[in-house]
Amino acid sequence: MIVELPAAAILIGAGLLAPLVPARLRPAFLAAAPLVALWQLAGLAPGESLRAELFGFALEPVRVDRLSLAFGYVFAIASFLNAIYAWHVRTALEPAAAMVYAGAAMGAVFAGDLLTLFVYWELTAVASVLVIWARGTERAFRAGLRYIAVQLASGMLLAGGAAVQYAAKGSLAFDAVGIGGPGGMLLLAAFGIKCAFPLLHNWLQDAYPEATATGTVVLSAFTTKLGVYALARGFPGTEALVWIGTAMAAFPIFYAVIENDLRRVLAYSMNNQIGFMVVGVGLGTELGMNGAVAHAFADILFKGLLFMSMGAVLLRAGSVNGTDLGGLYKSMPLTATFCIVGAASISAFPLFSAFGTKSMIMASAAEQGHVFEWLVLLFASAGVFHHAGIKIPYFAFFAHDSGIRCKEAPVNMLVAMALAAALCVGIGVYPWALYGVLPFPVSYEPYTSAHVVAQLQLLVFSALAFAVLMRTGIYPPELRSVNLDFDWTYRRAGPALVAAAGAAIGTLNAACARFASASVGRFVAAGERAAAPGGLMARTRATGVMALWMAVLLAAYLLVYYF
Amino acid sequence: MRSDDRKYWLDDPGNVTKLYRGLWIVGILLVALDFVLHRHDDLGFAETYGFYAAYGFFACVSLVLAAKVLRRLVQRPEDYYDR
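Keeping their order, the protein sequence lines are chains F and L.
The numbering used here applies: residue 29 is where the first sequence begins, and numbers increase by one.
The numbering used here applies: residue 3 is where the second sequence begins, and numbers increase by one.
A few of these clues could be false.
Unchecked claim - Just so you have them, the derived chain F footprint on chain L, three or more residues with Cβ under 8 Å:
(1) 15-26
(2) 43-50
(3) 69-78
Claimed, not checked - Coverage of chain F stretches by chain L, computed from C-beta distances (three or more under 8 Å per stretch; other residues unrestricted):
(4) 123-131
(5) 272-283
(6) 390-396
(7) 403-410
(8) 482-489
No wet-lab data here; the hints were simulated from the structure.
For glycine and all other residues, C-beta sits at the position ideal for the given N, C-alpha and C.
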């Protein structure tokens, strides 16, 4: 049975063996593994499972259903594209860690129980931090440390939630939990960290842009989408998620407008897109859930494509800061074209992928009467075109000519971008292929004249707003800066607080020490006085007095004994 | 790095202005379509003529203006966390 050689094992095995493969053959070896995994997935049918028992726990290391299969397919496709994109990389660590990471994420979406999920969950954290550290810079190292601390915290919460559930139900099975279920809040917090919920989101903007040109592409595919999968499995129809997702979709776009590092802009737009998926899960309708899964699928491809184009720019031009770039379409016309395809896809232009996926979530929100949330999401849709769809290609490839003249991206990068772009357009033109692998049957029809016209109006006038603001000079210029976000609390306020607390404790400690040494001194002095000649302890007493005191003691004892 | 002095079509500001005007024409035509085609929508108020056009435009303008205010609050020097 094909289920006994899980796709996760294929990818993790390939990742572990990769360093032993000669460097010349390694790219081909790593590109082949996801194809084998995809072939394995194609042979699986919903309902199949692999059960095991460990230390008396009934486990289900592999459980196949339509939800896990949809994520499995796209993880395999993404890791194939990543392997092509990183074909030129000759070091062993990053590509190997990336493949183990992909395998761990693959294992997690097929995990039927919380213990298996936990193991893969932690493996994604450990493998992905190696991808960040592979950049080899001090900044990447420090960002990686902050990243792994947050990821491991998520793992601890997951373990806690699993323990509470096991204590209450005697089962580790990973099914719909709900906030009120045993361990529900712990699991929601664990998944929320991976999804980068508001205030739990900064690990993403902090760490992803610090990885290498190829590493960031890898990172963008798996961790957050694993979080979305876990939410879809554990918390479908949880009302609070509608609010959380709406906030997520709206607030990062303000930061994206003023951020200079274009890969960090994309990290903010990941938050924004995941917000839509979280809303879909929160709505919990068949349309909403399908929308969340479809949008996660499409997002992995278009966000990967956008990160690929920025990675190519980083490799060739040496920077992805808006302030340094501009006019690169002259040197990198193909990369610019692929970037624009990614931009059109994330912006949900008709014939591009998000047009048929994000709209399912919007339609479900409208159907359920969430008018306010719908308006905020529409604002976020206009905003995503503005900050990701226009800003990214504009500042990198157009704007004022920076004078940079460089080579076009390497062939392998162009091939990976071309494949990703083809998939984005393919899903856009023929969304029914994607609809066929969603958890529920789809009756949604994206290509109505009303939807096409409405979406084009929204996008064209968002573009006009950008053009008007640019031509009038109102648009804020790109500036080299750090923009404070919630991570300030643990990168600045926290350490400052600890330092202040440390100083206070130091002062208190010194005061206590002074008091203690003074007290001990006084005690010792009193003892010395007592033992000195003529002191209390050194006096001599008559035997008769001692005998009298003995008699008194015995009499007292006798009395106590009688009563 | 600075080598080729080849002139590109977009290097001429006149051509950029042409694109800009073209975009306005496309936008106006799209709004005009609302008067020809009854655009059915899940939410009644969204069927108003030019609703998406107006919403998109004002959403983006207010997004940018709000972001400018935000920048005043949160902007720090580039080496803020490295000091």
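Hints, one by one, checked against the model:
Counting residues of the region 15-26 of chain L whose C-beta sits closer than 8 Å to any C-beta of chain F gives 3, which meets the bar of three, so the coverage hint holds. Counting residues of the region 43-50 of chain L whose beta carbon lies closer than 8 Å to any beta carbon of chain F gives 4, which reaches the threshold of three, so the coverage claim holds. Under the rule that three or more residues need a Cβ within less than 8 Å of chain F, the assignment of the region 69-78 of chain L holds, with 8 such residues. Interface restraint, the region 123-131 of chain F with chain L: violated (0 residues with C-beta to C-beta distance below 8 Å; minimum three).
Coverage of the region 272-283 of chain F by chain L holds [criterion: at least 3 residues with CB-CB distance below 8 Å; count 3]. Counting residues of the region 390-396 of chain F whose beta carbon lies closer than 8 Å to any beta carbon of chain L gives 3, which reaches the threshold of three, so the coverage claim holds. Figure legend: the region 403-410 of chain F, annotated as covered by chain L; annotation consistent (3 residues with Cβ-Cβ distances under 8 Å, at least 3 required). Only residues whose C-beta sits within less than 8 Å of a C-beta in chain L count toward coverage, and the region 482-489 of chain F has 8 of them, enough to reach three; the restraint holds.
When each numbered hint is compared with the structure, a violation occurs for hint 4 only.
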